[in-house]
Every structure is written in C-alpha cells, then in structure tokens.
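K.L.:
Quick note: the sequence shown, position 255, residue 255 per the numbering used here, numbers continuous.
If you're looking for bench data, these hints aren't it; they were derived computationally from the structure. A few of these clues could be false.
Only pairs whose alpha carbons sit at most 25 Å apart, straight line, appear in this in silico SDA-like list of lysine to any residue [said to hold, decoys possible]:
no., residue 1, residue 2
1, Lys332, Ala31
2, Lys332, Ala361
3, Lys43, Ala77
4, Lys43, Ser74
5, Lys194, Gln162
6, Lys194, Ile183
7, Lys332, Arg238
8, Lys332, Gly11
9, Lys43, Ala31
10, Lys194, Phe307
11, Lys43, Pro97
12, Lys194, Ser205
13, Lys332, Thr319
14, Lys332, Asp239
Model, not experiment: these values are computed from the prediction.
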Amino acid sequence: MTDAIRGEARGTAPVPLSVLDLVTVGSGRTATQALATSVELSKLAERRGFHRHWVAEHHSMPGVASSSPAVILSHLAAHTRRIRLGSGGVMLPNHAPLVVAEQFGTLEAFAPGRIDLGLGRAPGTDGATAAALRRTVTLNEGALGSPLLERSRELGEDFPEQLAELTRFLDDDFPAGHRYAKIHAVPGPVQGPKGRPPIWLLGSSGFSARLAGLLGLPFAFAHHFSARNTIPALDLYRDSFRPSEVLDAPYAMIGVSALAADEAAQARRQVLSGALAMLRLRTGRPGLVPTPEEAEAYAFSSAEREFVNDWLANVVYGTPEEVRAGLDDLGKRTGADELMITANAHGGEARLRSYELIADAYELPELPAE
Numbered sequence: 001m002t003d004a005i006r007g008e009a010r011g012t013a014p015v016p017l018s019v020l021d022l023v024t025v026g027s028g029r030t031a032t033q034a035l036a037t038s039v040e041l042s043k044l045a046e047r048r049g050f051h052r053h054w055v056a057e058h059h060s061m062p063g064v065a066s067s068s069p070a071v072i073l074s075h076l077a078a079h080t081r082r083i084r085l086g087s088g089g090v091m092l093p094n095h096a097p098l099v100v101a102e103q104f105g106t107l108e109a110f111a112p113g114r115i116d117l118g119l120g121r122a123p124g125t126d127g128a129t130a131a132a133l134r135r136t137v138t139l140n141e142g143a144l145g146s147p148l149l150e151r152s153r154e155l156g157e158d159f160p161e162q163l164a165e166l167t168r169f170l171d172d173d174f175p176a177g178h179r180y181a182k183i184h185a186v187p188g189p190v191q192g193p194k195g196r197p198p199i200w201l202l203g204s205s206g207f208s209a210r211l212a213g214l215l216g217l218p219f220a221f222a223h224h225f226s227a228r229n230t231i232p233a234l235d236l237y238r239d240s241f242r243p244s245e246v247l248d249a250p251y252a253m254i255g256v257s258a259l260a261a262d263e264a265a266q267a268r269r270q271v272l273s274g275a276l277a278m279l280r281l282r283t284g285r286p287g288l289v290p291t292p293e294e295a296e297a298y299a300f301s302s303a304e305r306e307f308v309n310d311w312l313a314n315v316v317y318g319t320p321e322e323v324r325a326g327l328d329d330l331g332k333r334t335g336a337d338e339l340m341i342t343a344n345a346h347g348g349e350a351r352l353r354s355y356e357l358i359a360d361a362y363e364l365p366e367l368p369a370e
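Put together the whole structure using the sequences plus the hints.
P.N.:
See below:
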C-alpha cells in the first residue's frame, strides 16, 4: 500500500503537489456552479500532474458546498482517469463506521486504486449542527457559542475505537465471535478482490498526529488554519511513528492556503475576500464568500484588521514566482513530504487560474489524456 500513499514529485517541484477542494460558493454564485468548478479543477489537476484531489466535509456553512464528500468524489471519479481522489476529510464522529466503509468501498469499486480515505475527528461545523448530525435528544447548550476549534477539542474521545471499527469493516476481518463478525461492508473484500482505500489521519493539533504515528499511518496536517501548530504536530508524528504494514517510515502532508495570479495585486484582492469570509465564520456570521469588491469596501475594525493580517500571514499569495518561493520555503521549514494546496477565493475562474499558474511555475508536465 506504500505506493498508494507516497506521491511522485513532478516537474521542478521538490515534493508532490496536490489539491484540497473546499467547493467554495461565492456571493452571486450557486452550489451548482461551485460543483462544476470542482469537476473542472479535478480535470485540470489530473492534466497538469497534481498527485491527488481531496474534498473536505463541512456542514451548515453557506460558503462551501462539500457536505457530502463521497457523493462529490463519485462524480469526480466519473470525469477523471488517473488522479487520486479522496476525503480531506470525512469527519468520522459524524458517521457510523459501517456507513463510511460502504461509501468508500463503493468509491473504490468505481475507481480502483485511486481512492484515499482521510479521516478527521472534529465535527466540521458548529456545536448545534454537530448535535443535529448525531441526532441527539438534547444539545450541549454550553458548547453552542464555542468556536469551531474549541468544539473539536471536546469531541472524538472514542475516535480510536471508531477508527479501529472502521478498519475492521474495510478489511472484513472482525474476529470470530465478535458481534460484527457476520456483517460485511459491501462493496468490500467479501466480494473480492482484496484491497481498499488507504486511511489517512487528519488533524490541526497533536492528538491525531500522535495516533497516526503510533498506528504507522500517513498524516495530513491543516497548516492552512492552524499554522502555529504545524511544526510541533509534525515533530510529534515523526517521534511517535512506529513502522506498520502500511508505511515503513513517516509520510506527512500539509494543507496550505495558496493563490497565484498574473499580478500580485490581483492575488491580494482574491485572498482578501477569503480572509473576510473566514473572519465572518470565526465571529459567528458565516455566509457566501464575498466578492473582491465587497472585501475591499468592507470597513474593518482594528481587531478585525489584526485578525485578517494574521490570517493572511499564513497564506502564500502573489505572482507565480512569489507563490513558488513561498511554498518552497514552507516545505523546507516543515520537511513536509507533500503539499496540498487550497485556493480560497470568490470565483471559480480565479481558483482554476491559480492552479494553472502554480503548475507552470513548477514546470509540471501536460499529461496526455488516457
């Protein structure tokens, strides 16, 4: 399974480059348009030699259309032939492990050898929506106003057990006498042939980093919204790593927010709209991603301006040459084995153009159609 995990660096890129897709919905646009952009992005990423295209799970957020990664991935699989497709990630506490095993077994049957199963332990939303996803009788009223990151720390205490159960369903190897021994996730190994998507653990703190290391699994860190924790988490992952049947050495990927444009000023306008969208989300006012014009006209308070400046300090943006230099520097500082790039902008055209420019900056090849 190692080859299914480790990517190939192409062109002049020092490490493999991949795509993280939030399926963003801009003001004045629709989810239909956002999903159509994701299809075009997957085809562009495949054509230009990006290694994988992942879709993130988020709920009750007007600015994204990726509440159902498995559904989106099945559509992307029908429009591509080579590129790896996966979840970045499925939030396991939101789902029964058997359901996840069935969904990704189905995806593996659609696109054999091309599917990744990235798993997270946060809810991917606010506390009230997390309760709705779990169909709980009562809500934890004290958590309803908490920021997303605080809520994520409260969840997932049984995540290792959920992960173990999911892995058993994927491998169809519950021991004799187990209450699930006669239950099979289908499509799956009971139907042959053997083989399943590799599991990745995702995180923005140390919990999943350490767990991934102890289990010998690949690890993906959310640098794009938890930059200050990146190096400590990667160090913890590497220090905790134990070789497994999956990996004989650590393999760490980081998600990074990056946007290239033909001119630096254009890139600044685009990322400012993404920063305003994040500001609104973090202050309990989620909405569609604003236009660059709206972001430029917005009257930021001093506290809001400080938040935006801090946020943009961890976004790599500018001309293609500037973005390449920023990505190279980040790769050297973190020692990441792979960079997964997300472009949070208002319009699909800007996002597609950014990936094309980054591919050109690294001289990624134009791969022939199959």
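K.L.:
It remains to establish, for every hint, whether it holds in the given structure.
P.N.:
For each hint, the structure was consulted:
1. Lys332 with Ala31: Answer violated: Lys332 to Ala31 is near 37 Å, above 25 Å.
2. Lys332 with Ala361: holds (18 Å)
3. Lys43 with Ala77: Holds - the C-alpha atoms of Ala77 and Lys43 are around 10 Å apart, at most 25 Å.
4. Lys43 with Ser74: Answer holds: Lys43 to Ser74 is near 14 Å, not above 25 Å.
5. Lys194 with Gln162: Holds: Lys194 and Gln162 sit about 22 Å apart, inside 25 Å.
6. Lys194 with Ile183: holds (17 Å)
7. Lys332 with Arg238: The hint holds at about 16 Å.
8. Lys332 with Gly11: holds (18 Å)
9. Lys43 with Ala31: holds (19 Å)
10. Lys194 with Phe307: Between Lys194 and Phe307 the Cα gap is close to 49 Å, so the pair fails against 25 Å, i.e. violated.
11. Lys43 with Pro97: Violated, because 30 Å separates the two Cα atoms, which is more than 25 Å.
12. Lys194 with Ser205: violated (34 Å)
13. Lys332 with Thr319: Given pair Lys332, Thr319 holds - Cα atoms ~20 Å apart, limit 25 Å.
14. Lys332 with Asp239: Holds, at about 18 Å.
Taken one by one, the earlier hints fail for this structure at numbers 1, 10, 11, 12, listed in ascending order.
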